[in-house]
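Asks: Note that the protein sequences, when read in sequence, are chains A and B. Heads up: the first sequence at position 309 corresponds to 309 in my numbering, and the numbers run straight through without jumps. Heads up: the second sequence at position 7 corresponds to 7 in my numbering, and the numbers run straight through without jumps.
There's no promise every hint is true.
Stretches of chain A that chain B covers, calculated by requiring three or more beta carbons in the stretch to come under 8 Å of a beta carbon on chain B [unchecked claim]:
(1) 162-174
(2) 256-267
Chain B side only, calculated, beta carbon under 7 Å to chain A, not exhaustive [stated by the list, open to error]:
(3) G51
(4) F95
(5) F102
(6) R111
(7) R128
(8) R130
(9) M132
Sample of chain A residues with no beta-carbon within 10 Å of chain B, all distances over it, derived [said to hold, decoys possible]:
(10) L115
(11) A191
(12) L204
(13) N207
(14) G221
(15) L222
(16) G225
(17) G246
(18) D281
(19) A329
(20) S475
(21) L495
Simulated from the structure, these hints should not be mistaken for laboratory data. C-beta atoms are modelled at their ideal positions from N, C-alpha and C, and glycine is treated no differently.
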Amino acid sequence: MTVYATPGSPDSKVTFKPRYENWIGGEWVAPVKGQYFEDISPVNGKPFTEVARGTAEDIDLALDAAHKAAPAWGKTSATERAAVLNKIADIIDANLELLAVAETWDNGKAIRETLNADIPLAADHFRYFASAIRAQDGDHAQLDGDTVSYQFHEPLGVVGQIIPWNFPILMAVWKLAPALAAGNTVVLKPAEQTPASILVLIELLGNVLPPGVVNIVNGFGLEAGKPLASSNRIRKIAFTGETSTGRLILQYASANIIPSTVELGGKSPNIFFSDVAQEKDAFYDKAQEGFVLFAFNQGEVCTAPSRALLQKPIYDSFLSDAIARTKLAIQGNPLDTSTQVGAQASNDQLEKILSYIDIGKKEGAKLALGGERADLGGDLTGGYYVQPTIFEGHNKMRLFQEEIFGPVLAVTSFTDYDDAISIANDTLYGLGAGVWSRNGNVAYRAGRDIQAGRVWVNNYHAYPAGAAFGGYKSSGIGRENNKLALGHYQQTKNLLVSYSENALGFF
Amino acid sequence: MSTPTITASVTIPGESLPRVELAPVAVDLLRSLWQEHGPLMFHQSGGCCDGSSPMLFMAGEFITSEQDVRLGQFDLAAAGQPEQPLDFWMSTEQFAYWSHTFLTVDVVPGRGSGFSAEAPRGVRFLIRSRLMETAEPFAAPAEPAELPPEAATVPA
Chain A
1 MTVYATPGSP DSKVTFKPRY ENWIGGEWVA PVKGQYFEDI SPVNGKPFTE VARGTAEDID
61 LALDAAHKAA PAWGKTSATE RAAVLNKIAD IIDANLELLA VAETWDNGKA IRETLNADIP
121 LAADHFRYFA SAIRAQDGDH AQLDGDTVSY QFHEPLGVVG QIIPWNFPIL MAVWKLAPAL
181 AAGNTVVLKP AEQTPASILV LIELLGNVLP PGVVNIVNGF GLEAGKPLAS SNRIRKIAFT
241 GETSTGRLIL QYASANIIPS TVELGGKSPN IFFSDVAQEK DAFYDKAQEG FVLFAFNQGE
301 VCTAPSRALL QKPIYDSFLS DAIARTKLAI QGNPLDTSTQ VGAQASNDQL EKILSYIDIG
361 KKEGAKLALG GERADLGGDL TGGYYVQPTI FEGHNKMRLF QEEIFGPVLA VTSFTDYDDA
421 ISIANDTLYG LGAGVWSRNG NVAYRAGRDI QAGRVWVNNY HAYPAGAAFG GYKSSGIGRE
481 NNKLALGHYQ QTKNLLVSYS ENALGFF
Chain B
1 MSTPTITASV TIPGESLPRV ELAPVAVDLL RSLWQEHGPL MFHQSGGCCD GSSPMLFMAG
61 EFITSEQDVR LGQFDLAAAG QPEQPLDFWM STEQFAYWSH TFLTVDVVPG RGSGFSAEAP
121 RGVRFLIRSR LMETAEPFAA PAEPAELPPE AATVPA
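All chains should be modelled from the sequences, with the hints used to inform the complete structure.
Replies: Written as structure tokens, this is what we have:
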């Protein structure tokens with residue numbers, strides 16, 4: 001067990017600056033209007049730095065820098081860009097603890113996750129796209145004896161990216177790595193709840209990236225996000241967030257006739273067929289853990305397995321074991337490596353989760369565990385902690401239909417395979433799902449029948465680079481985390497070449 | 001005089017009861033934001049991160065369509081003043097799962113909210129819910145008294 005020192009204390013792995021400006025053209029640039037906002041740590045509810053409150057004027061400066069950098073960066077070879085991405089990965093690895101502490105302090109998540117998931121995955125993600133761009137070939141077709149069609153991948157140019165707060169660094173990297181690998185320059189707007197950790201990373205990167213290739217403007221959605229998303233100077237906009245803003249961004253993209261990829265959340269079913277309990281063995285233990293993963297990252301994951309579907313014969317026993325397992329989850333100081341459940345990312349997130357616990361009770365769902373704000377005492381009293389909470393109910397309840405984005409699980413039962421698939425698919429969303437069975441045929445069929453972009457079979461919450469990630473239905477458009485994402489950041493150039501000496505004969 | 005709660009007019013054809021109201025603190029905030037930005041609208045969001053919350057946009061900024069339902073219209077104006085109409089929208093598919101609940105728009109301290117207009121004030125709109133008196137939620141469950149696991153057989 002290690003407890004990392006609190007940022008601001010002499011022993012801390014990270015020292016936040018008292019104030020961060022925008023990162024534009026490879027240097028810190030003060031916001032044009034001179035305004036800043038406080039960044040609050042959800043660990044203790046206290047501000048720890050100030051961040052630029054960017055506006056349309058700052059977005060314009062960032063776009064200027066990105067446009068200036070785009071021609072040269074777009075002409076670099078895939079070899080050169082891959083080398084840059086690999087250097088970034090090395091810097092992330094070399095600063096693992098520093099970045100993990102920064103991320104935990106900004107977001108509230110447990111340090112065991114940032115040390116073992118967020119930050120290592122971010123490094124690996126850059127390496128994956130460094131490899132993917134090296135391995136990407138163009139295309140050609142000999143259409144007849146004298147005519148050849150050549151297809152080249154070209155960068156789009158300058159792209160905009162708007163990042164969520166649940167994995168501030170990793171979600172930025174999911175978008176940055178393919179965009180940079182493909183030769184684009186970027187204007188990135190972090191979430192206003194978690195604006196600082198990505199700035200710690202960009203400062204570490206220094207001049208590994210040429211000036212203007214990545215530009216970061218912080219600020220509020222209305223003041224900085226909207227001018228970026230609606231600008232006619234971007235060639236693509238990528239967004240992760242909720243549905244109304246997602247629709248608005250698609251609307252802005254349509255006005256500029258540019259592509260947009262949007263990842264808009266989910267309400268993911270986690271299905272446990274009876275045979276998982278046929279033995280109380282290692283697999284059963286794994287399935288039990290798979291149930292408790294609803295509390296991973298405090299439930300602040302678009303793919304959180306927030307609906308558990310248990311087959312009737314095992315409903316009582318499996319749930320009873322799973323509740324006991326959930327009770328063992330250690331909620332505490334997020335900087336303590338033994339902590340498993342940390343803080344919610346913001347006060348309004350805390351309030352929203354509590355409002356859903358309230359409606360769950362009013363709808364008649366049965367509270368089986370938790371259901372309250374957690375006061376961890378001492379310095380953590382002001383932090384935003386919620387007890388892992390389990391409700392039993394049925395799939396028509398709002399608890400089962402809305403993304404609460406907290407450690408709140410809705411449990412129900414199903415009779416047979418068809419009932420399981422019917423309940424699983426009775427949702428607006430289709431981002432993630434889990435299927436647990438010892439029967440490979442059942443697991444495979446269920447995986448194919450669930451309308452979701454990612455179905456974990458006999459595991460959950462793994463996000464390895466290489467496995468495509470994205471939504472069906474109202475969960476959005478596009479795929480990340482796989483070489484498919486390169487296509488979202490590339491234009492296709494076709495050269496149609498005639499090697500014939502002879503006229504067509506039409507005129 | 002303290003700010004009153006404002007209840008939305010009924011805008012769904014065939015309905016007679018309001019579905020949404022503004023807590024006094026929301027009325028005060030909306031009046032102030034109206035002064036800053038002009039006419040406004042709500043669209044209830046679903047999904048990720050800042051979702052499952054009402055988003056406040058400039059009126060007309062968010063293009064609604066047949067895929068949306070207007071739950072009600074507020075008049076923010078004080079008595080005797082010119083009308084300040086503010087519509088509350090939700091996507092039709094989301095409304096299918098929300099229609100049994102009455103919504104109160106409240107305000108809490110917070111930070112960040114997609115492109116919603118209140119965020120720079122350091123506050124956040126929040127929905128509080130209760131069951132509609134007239135609604136029969138989860139119509140015709142076989143044995144409503146026997147909630148889980150039996151209630152999972154509720155017909156779709």
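Asks: If a hint holds in the structure, say so; if it does not, say that too.
Replies: Each hint tested on the structure:
Judged by the Cβ-Cβ criterion of 8 Å, the segment 162-174 of chain A is covered by chain B as claimed, because 3 of its residues qualify and three suffice. Only when three residues or more bring their CB closer than 8 Å to a CB of chain B does the claim for the segment 256-267 of chain A stand; here the count is 4, and the claim holds. Proximity of G51 of chain B to chain A holds as hinted, the smallest CB-CB distance being about 3 Å (cut-off 7 Å). Because the smallest distance between the Cβ of F95 of chain B and any Cβ of chain A comes to about 11 Å, over 7 Å, the interface hint for this residue is violated.
The beta carbon of F102 of chain B is not positioned within 7 Å of any beta carbon in chain A (closest approach about 10 Å), and the interface hint is therefore violated. For the restraint placing R111 of chain B at the interface with chain A, the shortest Cβ-Cβ distance is roughly 5 Å, inside the 7 Å limit, so the hint holds. Evaluation of the R128 of chain B hint against chain A yields a held restraint, the C-beta minimum of about 6 Å falling below 7 Å. Residue-level restraint check for R130 of chain B holds (minimum Cβ-Cβ distance to chain A is 6 Å; threshold 7 Å).
With its C-beta approaching chain A no nearer than about 11 Å, M132 of chain B sits outside the 7 Å limit, and its interface hint is violated. Even its closest Cβ contact with chain B, about 23 Å, leaves L115 of chain A beyond 10 Å, as expected for a residue assigned away from the interface. The claim that A191 of chain A is not at the interface with chain B is violated, since a C-beta of that chain comes within 10 Å of its own (minimum 6 Å). Separation of L204 of chain A from chain B is adequate, the least Cβ-Cβ distance of about 25 Å exceeding the 10 Å criterion.
The claim that N207 of chain A lies off the interface holds: its Cβ sits roughly 31 Å from the closest Cβ of chain B, which is beyond the 10 Å cut-off. Its beta-carbon lying about 4 Å from the closest one in chain B, G221 of chain A breaks the requirement of being farther than 10 Å from that chain. At roughly 5 Å from the closest C-beta of chain B, the C-beta of L222 of chain A falls inside 10 Å, breaking its exclusion from the interface. With a cut of 10 Å on Cβ distances, G225 of chain A falls inside the contact zone with chain B, its closest approach being about 6 Å.
The claim that G246 of chain A lies off the interface is violated: its Cβ sits roughly 7 Å from the closest Cβ of chain B, which falls inside the 10 Å cut-off. No beta-carbon of chain B is positioned within 10 Å of the beta-carbon of D281 of chain A; the least distance is around 24 Å. The beta carbon of A329 of chain A sits about 22 Å from the closest Cβ of chain B, which is more than 10 Å, so the claim that it is off the interface holds. Separation of S475 of chain A from chain B is inadequate, the least Cβ-Cβ distance of about 7 Å not exceeding the 10 Å criterion.
Look at L495 of chain A: its CB is around 39 Å from the nearest CB on chain B, clear of 10 Å, so calling it non-interface holds up.
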